[in-house]
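Line by line, the protein sequences are chains A and B.
The first sequence begins at 2 in my numbering and counts up by one.
The second sequence begins at 7 in my numbering and counts up by one.
FYI, nobody ran anything at the bench for these hints, they're computed from the structure.
Where is the CB? At the ideal position from N, CA and C, for every residue including glycine.
It is possible that some hints are incorrect.
To be verified - To give an idea of the interface, some chain A residues facing chain B are shown, with a C-beta separation under 10 Å as derived from the structure:
(1) L15
(2) L26
(3) V44
(4) A48
(5) L58
(6) A59
(7) A62
This is what each chain is made of:
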Amino acid sequence: MNSRLALPRDEHILQLMADRATEGLSHSDAMELNRYLAHDPDVDRDALEYAAAAVWLAFGAGRCEALPPRARNRILSQAAR
Amino acid sequence: MPQTLLERVAAGDVAAVQQCIDCYGGLIWSLARRLVPHQADAEDAVQEVFIAVWKSAERFDPSVAEETTFVAMIARRRLIDRQRRLARRIDSTRSIPIEDVDVASETSNHNGVDVRDEAARAADAVTQLRPEQQEALRLAVYDGWSHQRIADHLQMPLGTVKTHVRRGLIRVRELLTSPGAAAGKEATS
Numbered sequence: 002m003n004s005r006l007a008l009p010r011d012e013h014i015l016q017l018m019a020d021r022a023t024e025g026l027s028h029s030d031a032m033e034l035n036r037y038l039a040h041d042p043d044v045d046r047d048a049l050e051y052a053a054a055a056v057w058l059a060f061g062a063g064r065c066e067a068l069p070p071r072a073r074n075r076i077l078s079q080a081a082r
Numbered sequence: 007m008p009q010t011l012l013e014r015v016a017a018g019d020v021a022a023v024q025q026c027i028d029c030y031g032g033l034i035w036s037l038a039r040r041l042v043p044h045q046a047d048a049e050d051a052v053q054e055v056f057i058a059v060w061k062s063a064e065r066f067d068p069s070v071a072e073e074t075t076f077v078a079m080i081a082r083r084r085l086i087d088r089q090r091r092l093a094r095r096i097d098s099t100r101s102i103p104i105e106d107v108d109v110a111s112e113t114s115n116h117n118g119v120d121v122r123d124e125a126a127r128a129a130d131a132v133t134q135l136r137p138e139q140q141e142a143l144r145l146a147v148y149d150g151w152s153h154q155r156i157a158d159h160l161q162m163p164l165g166t167v168k169t170h171v172r173r174g175l176i177r178v179r180e181l182l183t184s185p186g187a188a189a190g191k192e193a194t195s
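The shape of chain A in the complex, shown without the other chains:
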């Protein structure tokens, strides 16, 4: 979360950012948000996705399961390529 940058003032754009951070966007909504963000470089475009990640950590970080060995080995193999 970059406090040097601002959030949009437009509630509709903020809602699109919140939707993107929680349940994702349709193609048309994503295009609309991207158009807006492309024209305003002073907007903290990832702000609400960072906030959602922090919320997930608040609820879920204490319940982390270990990565299964099979999955770990697959990722290591991928990384080695």
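Assemble the complex: chain A is given as a structure, and chain B must be docked to it using the hints.
Showing chain B alone in chain A's frame:
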């Protein structure tokens, strides 16, 4: 000289890649298991997420977010996009009560990357939200429910749920970026 794990990954440090898996594997796996119903799909998803994390490593800026939050953000973005791509709606039936937000005492140290401080700061921010915002965010973010499902469950208009989610996320951002917010993080820039 790069210092954080992701900065080392971005610099091409091969050992850092394995450390990244060891440090964040549990976190990313747990995220995937909440959002992807089937184990085999979740394993595929975790692999995709790690590739995305490595590709994004050079964009990591420690002055903007803690490394764990950055990794969780990239992971969530990738998992949500993946689920939408597969046209499967998240339908988790697992849920936890709000009082379980207290995570600091349970959170383990992920092989040197201590997520406890970040989780505790985030939990502190979440507990300052209005109860209806906490509930909406728990269901939307942790349980991965759609806004419509939350509206049906809480018997609220869809627009009200969206407002709680939006205002809750904005408030969390405010709390986490305010100068006095983060004990242990000197300058949240």
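These are the hints, each one checked on the structure:
For the restraint placing A/L15 at the interface with chain B, the shortest Cβ-Cβ distance is roughly 6 Å, inside the 10 Å limit, so the hint holds. The interface hint given for A/L26 holds, since its Cβ lies 8 Å from the closest Cβ of chain B, which is under the 10 Å cut-off. With its C-beta approaching chain B no nearer than about 13 Å, A/V44 sits outside the 10 Å limit, and its interface hint is violated. Checking A/A48 against chain B by beta carbon gives a least distance of about 5 Å; that is within 10 Å, so the hint holds.
Annotation: interface hint on A/L58 holds; nearest CB of chain B at approximately 5 Å, less than 10 Å. Hint status for A/A59 relative to chain B: holds, with the closest Cβ pair at about 4 Å, below 10 Å. Below 10 Å, beta-carbon pairs count as interface contacts, and A/A62 has one with chain B at about 4 Å; its hint therefore holds.
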